[in-house]
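Enquirer: Sequence:
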Amino acid sequence: MIDRISAPNAYLYAFQLYNDSQGRDNPLWQQCDKIMAKVTYTYERLTPHLVFPANSHSYFQDLLSNTPLHFSTRNPLIEGFVQPIRIDDSYGLCLNIGCREDGSADNIKVSFLKKFYPNQPLQIGGDDHFLGQTLIITAWLTQTPPDNLDSLKPLADKCRDSLFSGDSPPPFYRSGKLFGSPIFEYGSVSDIANYRHVLVWLLCDEKTDADFNTCQHEIFKLLFHRNKIIKAFQDSRQIYQELEAEFRTIEKNMDNLQQQFARGTVLSASQLLELQEQLKQLFSKAVNYTRLLRKLEEFDNTIAINIYNYSDNLQKICVKIKSDEEELSILNRFRIKSAPHIRSQIAADLGYFRHGTSLIEQAIASIRGIVEIEQARIDRENQIELRESEQAEKKRADRLERKIGALGVGLAAGGIAASSGTDKLFETVKHHQIPVLIEFHPFAFSFFFSCAIGIIAGAIVWCWTRHKK
Numbered sequence: 000m001i002d003r004i005s006a007p008n009a010y011l012y013a014f015q016l017y018n019d020s021q022g023r024d025n026p027l028w029q030q031c032d033k034i035m036a037k038v039t040y041t042y043e044r045l046t047p048h049l050v051f052p053a054n055s056h057s058y059f060q061d062l063l064s065n066t067p068l069h070f071s072t073r074n075p076l077i078e079g080f081v082q083p084i085r086i087d088d089s090y091g092l093c094l095n096i097g098c099r100e101d102g103s104a105d106n107i108k109v110s111f112l113k114k115f116y117p118n119q120p121l122q123i124g125g126d127d128h129f130l131g132q133t134l135i136i137t138a139w140l141t142q143t144p145p146d147n148l149d150s151l152k153p154l155a156d157k158c159r160d161s162l163f164s165g166d167s168p169p170p171f172y173r174s175g176k177l178f179g180s181p182i183f184e185y186g187s188v189s190d191i192a193n194y195r196h197v198l199v200w201l202l203c204d205e206k207t208d209a210d211f212n213t214c215q216h217e218i219f220k221l222l223f224h225r226n227k228i229i230k231a232f233q234d235s236r237q238i239y240q241e242l243e244a245e246f247r248t249i250e251k252n253m254d255n256l257q258q259q260f261a262r263g264t265v266l267s268a269s270q271l272l273e274l275q276e277q278l279k280q281l282f283s284k285a286v287n288y289t290r291l292l293r294k295l296e297e298f299d300n301t302i303a304i305n306i307y308n309y310s311d312n313l314q315k316i317c318v319k320i321k322s323d324e325e326e327l328s329i330l331n332r333f334r335i336k337s338a339p340h341i342r343s344q345i346a347a348d349l350g351y352f353r354h355g356t357s358l359i360e361q362a363i364a365s366i367r368g369i370v371e372i373e374q375a376r377i378d379r380e381n382q383i384e385l386r387e388s389e390q391a392e393k394k395r396a397d398r399l400e401r402k403i404g405a406l407g408v409g410l411a412a413g414g415i416a417a418s419s420g421t422d423k424l425f426e427t428v429k430h431h432q433i434p435v436l437i438e439f440h441p442f443a444f445s446f447f448f449s450c451a452i453g454i455i456a457g458a459i460v461w462c463w464t465r466h467k468k
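Position 247 of the sequence shown, counted from 1, bears residue number 246 in numbering that gives the first Met the number 0, the numbering being contiguous throughout.
FYI, nobody ran anything at the bench for these hints, they're computed from the structure.
Be aware that one or more of the hints could be misleading.
[Said to hold, decoys possible] Here are the in silico distance ranges between beta carbons for each label pair:
#1 Lys336 - Pro67: 27 to 37 Å
#2 Leu272 - Arg386: 20 to 30 Å
#3 Asp166 - Glu296: 29 to 39 Å
#4 Asp2 - Leu76: 16 to 26 Å
#5 Glu297 - Val50: 29 to 39 Å
#6 Asn287 - Lys394: 51 to 61 Å
#7 Thr248 - Lys394: 51 to 61 Å
#8 Ser57 - Asn287: 37 to 47 Å
#9 Asn65 - Ser343: 35 to 45 Å
#10 Asn18 - Tyr58: 15 to 25 Å
#11 Ser57 - Thr248: 39 to 49 Å
#12 Pro67 - Asp19: 25 to 35 Å
#13 Pro67 - Gln29: 14 to 24 Å
[What the hints assert, rightly or not] Simulated pairs of lysine to aspartate or glutamate, EDC-like, Cα-Cα distance not exceeding 16 Å:
#14 Lys336 - Glu325
#15 Lys176 - Asp146
#16 Lys176 - Glu326
#17 Lys315 - Glu217
#18 Lys176 - Asp204
#19 Lys319 - Glu217
#20 Lys176 - Glu325
#21 Lys315 - Glu326
#22 Lys176 - Glu324
#23 Lys108 - Asp156
#24 Lys284 - Glu241
#25 Lys206 - Glu326
#26 Lys113 - Asp160
#27 Lys294 - Glu243
#28 Lys206 - Glu100
#29 Lys113 - Asp156
#30 Lys113 - Asp166
#31 Lys114 - Glu78
All C-beta atoms in this analysis are idealised placements derived from N, C-alpha and C, irrespective of residue type, glycine included.
Go ahead and model the full structure; you've got the sequences and the hints to work with.
Expert: Okay, here's the thing in structure tokens:
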């Protein structure tokens, strides 16, 4: 089994969005400085050397004036360079740590790779704006490679494991040839939550090295768009989980609502207020749900744009090396298989969750209809109660009016009777010798007579107005 290599090198490509961290404050440069501080004997740092041109609209721009920053390490056989790039809306860097091809590192054990970055994986950590990274390990084979690529897989596995000491390495994904030399890919998009991308490239042809150097910029862009696609898909899974939770909540609310009104329950005023509050909450959920759905669509658009850019750079590589896409099958496979699979997954999610929009609209319409019906019923009952109250009040007012009218007529009639002719009437009574009335004093007779007249007149008016009503 082959266990020796020559002139191994590791190339770490990492990418981070600008966002609010433009210039030297971007976390990508700080992460790079941490790695360089551990491997360089002079504690070299990248950040002080960066140059940020003002008002530059270039899509791809070197931030070191086209000159990579070279550094030496504590091991005399190992050196490296770092090349920072501004690309589109992001920063990227290519960090190289490896051996010279001058014969000083020929026919060495694979375990020598551990000296590149001892005690931990050669990886960069990042925040939410970190787009991802790809680690390419190159090494020259010390003997003619066999025709069967499977026989080289144990060697490639050892190269991968050497730079992941103390950490579980990404699993093997597939193998092929690139620029005429065997290459092994690790990390599958099927495990998107723990995705890490590693390529082990076992060089066996001088043309491979020449083509790799010729296409450095195109490969950088290719990996940038690949990592953007992967990052968008990773972020879409978080949105998927949030949409799923919202969708289940809405479904549960709809079921509860259906059960509540299947029995024909009549709502009280307090229940109506509670239902109106639910309607407000549902409006809020609808806004949040629509926002999440729009973000999922934006991720789909991001993936589509970067698939196009990935394909465009793949074509540029083919033109530069005067080859076809079959020569780049391991790179082209991502475009024709992995990326479309990612898009189909998001398309399925969008198709599923768009039904949730209809469900929300139905829920809002149902609750609104119930609220309007119940509000109309309560308003109608209130109006009936109001009319009954008004009628009762009117009856009381009518009775009072009749009482006042009857009393007024009685008092008037009594007054008239008292002031007109009671003396003559009393004399007439005396003349006819009516025994009961003879004993009355004239004033008493006048008083009682007027009261009698008033009562009779008031009674007549009361009976007449009541009959009329």
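Enquirer: Below or equal to 16 Å on CA atoms is what counts here, so check lysine 108 against aspartate 156.
Expert: Status holds; Cα separation ~13 Å.
Enquirer: So if I understand the rule, the pair passes when the alpha-carbon distance is 16 Å or less; does lysine 319 with glutamate 217 pass?
Expert: holds, 10 Å
Enquirer: What's the verdict on lysine 176 and glutamate 326, does the C-alpha distance respect the 16 Å limit or exceed it?
Expert: holds, 7 Å
Enquirer: Quick one, are lysine 113 and aspartate 156 close enough, alpha carbons at most 16 Å?
Expert: holds, 13 Å
Enquirer: With the threshold set at 16 Å, check whether the alpha-carbon distance from lysine 176 to aspartate 204 stays at or below it.
Expert: holds, 11 Å
Enquirer: For the pair asparagine 287 and lysine 394, does the Cβ-Cβ distance stay inside 51 to 61 Å?
Expert: holds, 56 Å
Enquirer: Against the range 29 to 39 Å, how does the distance between the Cβ atoms of glutamate 297 and valine 50 compare: consistent or not?
Expert: With a Cβ separation near 33 Å, glutamate 297 and valine 50 satisfy 29 to 39 Å, so the hint holds.
Enquirer: Should the hint that asparagine 65 and serine 343 are 35 to 45 Å apart at their CB atoms be regarded as holding?
Expert: With a Cβ separation near 41 Å, asparagine 65 and serine 343 satisfy 35 to 45 Å, so the hint holds.
Enquirer: Check the hint pairing lysine 206 with glutamate 100 against an upper bound of 16 Å on the C-alpha distance.
Expert: holds, 15 Å
Enquirer: Is it true that the CA of lysine 176 sits at most 16 Å from the CA of glutamate 324?
Expert: Judged against 16 Å, a Cα distance of about 12 Å means the pair holds.
Enquirer: CA of lysine 176 to CA of aspartate 146, is that 16 Å or under?
Expert: holds, 11 Å
Enquirer: Quick check on a hinted range of 20 to 30 Å for leucine 272 and arginine 386, using CB atoms only.
Expert: Holds, at about 25 Å.
Of the hints listed earlier, there is not a single one the structure fails to meet.
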